[in-house]
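Mind assembling these two chains? They're in different frames, but the hints should get you there.
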Amino acid sequence: MTDPLAAVFRAEHGRVLARLIGFLGDFDLAEEALSDAYVRAADRWRADGVPDNPAGWLITTARNSAIDRIRATRRLDARHAALAAEPVPEPVADDQLSLFFMCCHPALTRHAQVALTLRCLGGLSTMEVARLFLVGEATVAQRIVRAKRKIREAGIPFRVPGPDELPHRLPAVLSVVYLLFTEGYAATSGTALIKDELCDEAIRLARTLHRLMPSPEVAALLALLLLTDARRAARLADGRLVPLEEQDRGRWNRDLIDEGRRLVIGSAGPYAVQAAIAAVHDDAATPEDTDWDQIVRLYSRLAPSPMVELNRAIAVAMASSPDAGLRLLDEVRLDSHLLPAARADLLRRAGRGDEALAEYDRAIAMSANQVEREYLTRRRAEVATR
Amino acid sequence: MEYAVLIYIDENQSDPGMTEAYTAYTQQLIDAGVMAGGRKLEGSPSATTVRVRDEEQLITDGPFAEAREQLGGFYLFECANLDEALKWASLCPGAKHGAIEVRPVAPQ
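In the order they appear, the protein sequences are chains H and Z.
Here the numbering used here is used: position 232 in the first sequence is 232, and no number is missing along the way.
Just remember that the numbering used here sits 1000 ahead of the position in the second sequence, which is counted from 1.
One chain only, chain Z, in its complex shape (with noise of 0.2 Å):
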């Protein structure tokens, strides 16, 4: 099964080990056979939120929801089962902070 795994941190707070915690992460993503996509996103000062209402385009500045922690990035997963996505998820950088939502992907 595949699973999004998204990532929710608070912006606010830096860690300087975090890109090389990632960059070792993802490896053993990969050298597990787990990996299936994932990038690291700008922060939610960059994002832009459209909406179309009667045909009116309503841009606004910002994220969706405005929220203490925001989607900082998201990983694919190729898994056996929802545990052995877990398992994997917990081991994510980000969960020691943040959170991670494991959502499974909706079959074609």
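Chain H with its partners taken away, still in its complex shape (with noise of 0.2 Å):
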């Protein structure tokens, strides 16, 4: 974003657009109101520079242009009149926290949740979404449009859920950042490995939602995420993907990880222990120093799933032999490249060239991400030439 004021939009959106729904009790409205702010800002900004406080002058222009919009349309009742009397107060975390449990909200689809979240909450345009996930922006604006209905005709409220709902609803919010980190990281397909952007705005998204609210399971989300993105620039050299035992430690960033070991504490959930996992990689100086064998105790403390038993088989392979961790991935069932790449790699690992290639042969066909498959065509060609 090149921008200067899109980028303070960006970085104010959340906060103001929660204020504003807050205030306003209307998710349209306050949406109309925020955008014709920004075009008040862009003449204003360039003319007389950026306010001190965005975020206030953002909330008080867009306050008094849905004034405005409800004078026009007629609409404005008691409780309208009473909102122009009314003073604009700050940006309250609770609002903030509002939107994040309405955009999360399970009634929605997870395709709605990614959507809603990244635009309502990272301040992204429709296009900006579409290009993230690979889909057109017709389908990004037709989730968008769809979500807000169904927010306004079922009643999805705009709240904080109560501490004995909140067991079930804090879920859908972390895995909507999760996914969201999970998809910047390695994306599933395209051309590119790595979405810095979407990794960032995950990072932003978790610190904002533990800063809101610094539960347990909150502080675990953020440590693994910061405990993993530590590693992001040292898993492409040249554009080429490199596997974990060969990459450069040296630039692992030492911030993110002592700042994630700092986060740890409290949670014995699903994302502790992965941050937990995620720590004894970084711990490791060299890829020999690995701890494998608490590596797989860690991995048996996670509920079993695909994912979990596919990992669990090359930490036991690392740990003891690779014919154990095969022997562990035949009881996997998985429809994913990584399960026929990590046969590949153990079968490789085994001495097993012959059996290597036809299952890299079976993963290349099965990634749809561009760098992935240069990767492991990579892999294949130097076990072929052994």
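Derived from the structure by calculation, the hints contain no laboratory data.
It is possible that part of the hints are untrue.
Simulated pairs of lysine-lysine, DSS-like, Cα-Cα distance not exceeding 30 Å [stated by the list, open to error]: (1) Lys-1087/Z - Lys-1040/Z; (2) Lys-1040/Z - Lys-148/H; (3) Lys-150/H - Lys-1096/Z; (4) Lys-150/H - Lys-1087/Z; (5) Lys-1040/Z - Lys-1096/Z; (6) Lys-1087/Z - Lys-148/H.
Here's what the structure looks like:
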């Protein structure tokens, strides 16, 4: 993003929109009024410079615009008249949390949750969301329109769930942020392996969420993202994928690792366990120093799923022998290139080159990401010429 | 807001304690000021479906859709928002073995 005003808008979008929805009690009106405020800000700020409190300026301007809009449509009832008289309050933490819970409400599809969260809390345009998920802009626009209609018609509230509901509702918020990060860190399709913008946005949302609600689960998710993100820069060299054991560990971001490590206390949930696994990797000065036994134990603490079984099998292979890992992989049922890719790697380590080639072929055919396919193709060629 | 709460259940599963459970649940709804109406329906074999095509009346025996889970009854809730409606719907005795569809009633 080169336009400095656009950067300010984006940085402030979540809390400004949240405050306006809380204040106006109307999602659509809040969005319309905020886009009016952006238009006005673009004029004024270019001439006079960005004000000291851009969020406050945007909220006041959007509030006035909302009142104008209400007047124009003659919807100005007693409640709206009262709005005009009220002073505009400063951004409130609860508003932003309410927006998280509304955008990630389980009554919305996962696609809609993701699109709404990026749009409303991340301040991304429909076009940016479409580009990040490699779908058409019209598709994203339609998902957002449908989601907003459902919010309005079904009465999905703008509020922070009570303590008794929170255990049912927080997981959806966490998994949307987690999904944004994983899609940024290892894009499932397309020409880029890493979408830096998506990783950054997920981390920003996780930090915001943690600031607003420092619960153990939120802390664990933020820790997991930081401890994983610390290795982001080392995952690519000259546009090529670099596997963990070949990464230049000097390029790992120690600040993020330290920040993540300080957070991991107080939860035994799945994000905390995954964060602990990431920390074990981060702690190893060389690949040989990796405490694979500890990683195996940690994977055993996660609820079984095909992805967990796959990763546990790889950890067992590294801790004991490739054959032990391969036996565990035989039990894994997963429709992803990751399964044949894991088998290929363990067969290669076991010196079973011919069998490895067939698995590489399968993985290459199944992967939708260009950088991953190139990596697998290189690995296959190395095995073929041995 | 008003919500129609449609209770879908497997009619082949009989549960002796259900009548009492629904009586207690309905009382809870009344006490909380959520209850705005509702009835239990006779079984789906008692249903008759009617369609009119080209002014011809077509009548068939049985419910609109043949499915394992059938509409067994409904409530009308008066709730502040979807979260409140979902909280009450999840306390419905049918939620434990069947499925409860919560639909906002369109404004008149």
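*Under the criterion that the straight-line Cα-Cα distance not exceed 30 Å, is the pair Lys-1040/Z, Lys-148/H satisfied?*
Given pair Lys-1040/Z, Lys-148/H is violated - Cα atoms ~33 Å apart, limit 30 Å.
*asked:* Run the distance test for Lys-150/H versus Lys-1087/Z: straight-line Cα separation, threshold 30 Å.
replied: 18 Å, holds
*asked:* For a C-alpha distance cap of 30 Å, please report whether Lys-1040/Z and Lys-1096/Z respect it.
replied: 17 Å, holds
*Does the structure keep Lys-1087/Z and Lys-1040/Z at a Cα separation of 30 Å or less?*
It holds: about 20 Å lies between the C-alpha atoms, which stays within 30 Å.
_Next pair to validate is Lys-1087/Z with Lys-148/H; report whether the Cα-Cα distance is within 30 Å._
Since the Cα atoms of Lys-1087/Z and Lys-148/H sit roughly 22 Å apart, the hinted pair holds (cutoff 30 Å).
*For the pair supplied as a hint, Lys-150/H and Lys-1096/Z, is the alpha-carbon distance within the 30 Å limit?*
26 Å, holds
Hint check: a violation occurs at hint 2 only; the rest are consistent with the structure.
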